[in-house]
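Q: Spelled out from the first residue to the last, the chains are:
2 protein chains.
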Amino acid sequence: MAEPLRKIVIVGAGFGGLSAAQKLANAPVQITLIDRQNHHLFQPLLYQVATAALTPADIAVPIRQVLRRQKNVEVVMDDVTGIDTANQQVQTETGQAFPYDALILATGARHSYFGKDDWAHHAPGLKTLEDAYGLREKILTAFETAEIIARDDPKKAQSYQTFVVVGAGPTGVEMAGAIAELAQSLARDFRHIEPRQTRVILLEGGAHVLPSFAERLSARAKRDLESLGVEVRTGTMVTDISPGRVVTSRDPIACETVLWAAGVQASRAAQWLGLDGGHVPVDATLRPEGHKDIYVIGDTARHVPDGATHPLPGIAPVAKQMGQYVGHRLSAEAKGVPFSKTFRYRDAGMMATIGRNRAVADLMGLKVTGFVGWLLWGAAHVYFLIGFKNRLFVILSWLWAYITWQRGVRLILRDQTGGGTSSRRDALRSFGQ
Amino acid sequence: MAEPLRKIVIVGAGFGGLSAAQKLANAPVQITLIDRQNHHLFQPLLYQVATAALTPADIAVPIRQVLRRQKNVEVVMDDVTGIDTANQQVQTETGQAFPYDALILATGARHSYFGKDDWAHHAPGLKTLEDAYGLREKILTAFETAEIIARDDPKKAQSYQTFVVVGAGPTGVEMAGAIAELAQSLARDFRHIEPRQTRVILLEGGAHVLPSFAERLSARAKRDLESLGVEVRTGTMVTDISPGRVVTSRDPIACETVLWAAGVQASRAAQWLGLDGGHVPVDATLRPEGHKDIYVIGDTARHVPDGATHPLPGIAPVAKQMGQYVGHRLSAEAKGVPFSKTFRYRDAGMMATIGRNRAVADLMGLKVTGFVGWLLWGAAHVYFLIGFKNRLFVILSWLWAYITWQRGVRLILRDQTGGGTSSRRDALRSFGQ
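Residue numbers (our numbering), protein chains in the order written: chain A, 9 to 441; chain B, 9 to 441.
Just chain A, same shape as in the assembly (with noise of 0.2 Å):
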């Protein structure tokens, strides 16, 4: 009698998931791959979305498609809410059970507001889709709200016209360079107030933007977001935030926008295995002390490679290369063949854009800046887009943006009748007496 398959349950489609469940595609084993959202979400180009620049489409692509031909794996569309590590099975929010021979972690990581939670909802990070169009429409919004006041009283519509990004790493500077740049968009497009007066603020509490960047990195990547009008302030932590008004190491800030880029946290698989803290350390094998065969890969993992001092950063290059290592040692397992790797990163460098012709890149000691480090890391998102269809529309979004100037999604889809959004209203109403 032949042997049942083994059964492989992979928990996240992100780079991690979906890279091991491609690379198990000719294994046999049965995979179950089980994520919240219906769709693999390419998350370096979220900030674009949220700014206007791109659409949803362009940067996601339904996790079902990606795997529609590979007849091992069935995609589950839920939410895993424990794990029964005694009886080898996954638990989801609808009460259903998926045992598994092998189980692969690639949950990904959320904002962490270093205790302030009540932060999260005057100043919103950007992890999902539904994240960056919020913000896209708190972003325009603004815009709109700072029109209204403008026609009676410009002075006060300036707070409405300042944007606090917190935190200087490559996601904080995208956005603000891009919130900038469509700033400089709307020029022509509104009567009373003057969209080139915008103040984009980035605040880092370290010394450096950029800080995991060579310092000559760092200190161009400031010159460039300095020439499209963002203000830095390095040396500056956020000590309170609530609605208009951001209070600092430095003076306080009256804006109606923050936007959160500073501290990102493991998922809550630790909590799934019962250890304490945050992300889950693995070892050269990429599995957790005590689990055998359990793998724990992507952003929520913390792996320390041989003679380093530092875990792997949490990017897209180190899960992608971790879900194919475990992909890649399941498949052996499964056809009987010996499999004694250790997971070793090839790491290709690191780059960040600031706008159009500005980016920086750190390509294994080249470093590159200007058009050229902006052309690369067009090249290299591109690349890691999945689905054709997605790499052909964003290279035209791109070129259309390029030719034009212009940002191709300014949309507000939330329905504003009756009332629009409340905030706006309110502030809007009171300002009317």
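In short, the hints are calculated from the structure, not lab data.
Computed from a prediction, not measured in an experiment: that's the story for all the values here.
For each residue, glycine too, the CB sits at the ideal point set by N, CA and C.
Where hints are given, some of them may not hold.
[What the hints assert, rightly or not] Per the computed footprint, the stretches of chain B lying under chain A, defined by three or more beta-carbons under 8 Å from a beta-carbon of chain A, are:
id, region
1, 44–51
2, 73–86
3, 152–161
4, 193–199
5, 395–408
[What the hints assert, rightly or not] Not the full set, but computed from the structure, chain B residues with beta-carbon under 8 Å of chain A:
id, residue
6, Val417
7, Arg418
8, Ile420
On the provided structure of chain A, position chain B as indicated by the hints.
A: Relative to chain A, chain B alone:
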């Protein structure tokens, strides 16, 4: 001393309002264009956003972007609450008052549930972008839910794979055909359900689908729908809609997803003018009786052409021509040029599509169907789209879908964290017990 410019207020930036504003580009007037949304929406293609074929950015364009070069117009994003005709002022939600010398109301239409307003919750309609992606989410989530239920009990899953569309005018026909095609395109994506077994039922109270078309075209549309697997039930009234169930004058239908395309009513403009009833009756100059400075155009107006028995239909070409007429008239007035023309609608015909290679068109007596009709339908819609970028991207999206048979925007965007949509969670929980 120079005379102050005539103030023209336009409410609504659909085809009517936007055409009027653009026709006034060279007139010595000061225009204020008020809309509750920040974008102009191409409603005829909304059903394609709802069925994941196009993305919102393809069919909407920011009003400010369209009018950015027209110096005599300011765009205000606000919600009109009333009109003070004595003092000639338009009042808005944010407490502002916009004085006018001439006023154009182009506020469009809403859905009508024939008095059964509680059906609106169970059977959403399609008027705004938020409606469209809400519907898209509902449709896609229905398949995801069916997949989970079918793992244990395939029979129970069928109601999630049953879709009812109420109303067989062009919108209903287009929706029904598109859902049937969407279901076909999912054929390989699921493991426990068979998407080709999806039921799409189109209900129509009258004797024919597309009742305003010639009988020969109605019959052809019905055959085309049936070739896609749509069950067409004419002469069938809906008597009740509740969760999971539609009761008709024939049998009740178990289905989780009902879409409303059966009735429209005018916007609240009539109430603002102190009139009874829905539509605002207008004369040959598109003005209601007793208001020489107010024009009402588009879906909200009721205009019976000389010698006709029926009012003009609420379709895009009518709104556009009405807007152009009023713009032309007001422009002449402002310049002091005599203008005595009355409004005459140049009827180019009507068309509706059913799906790939299937459409019916009646171009002033010339009846076209099949592939040629479908190409004509596509060309006409691209022609009416506003914005070169939108035209380009829609053509590319259609080309892509035609070549691959896939829908490009199959995204469920609302975060499914912490439980997803509550009805789905409840449905699955009760099922799991």
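Q: If a hint holds in the structure, say so; if it doesn't, say that too.
A: Verification of the hints:
1. Coverage of a stretch by a chain is defined here by at least three residues with a beta carbon nearer than 8 Å to that chain's beta carbons; for the region 44–51 of chain B and chain A the count is 4, and the condition holds.
2. Counting residues of the region 73–86 of chain B whose C-beta sits closer than 8 Å to any C-beta of chain A gives 8, which meets the bar of three, so the coverage hint holds.
3. Counting residues of the region 152–161 of chain B whose CB falls under 8 Å from any CB of chain A gives 4; the rule of at least 3 is met.
4. With 5 residues having a beta carbon nearer than 8 Å to a beta carbon of chain A, the region 193–199 of chain B meets the requirement of three or more and the stated coverage holds.
5. Only residues whose beta carbon comes within less than 8 Å of a beta carbon in chain A count, and the region 395–408 of chain B has 5; three or more means the coverage holds.
6. Satisfaction of the interface hint for Val417 (chain B) is found here, the shortest Cβ-Cβ separation to chain A being roughly 4 Å, below the 8 Å cut-off.
7. Interface restraint check for Arg418 (chain B): the shortest CB-CB distance to chain A comes to about 5 Å, inside 8 Å, so the restraint holds.
8. Satisfaction of the interface hint for Ile420 (chain B) is found here, the shortest Cβ-Cβ separation to chain A being roughly 4 Å, below the 8 Å cut-off.
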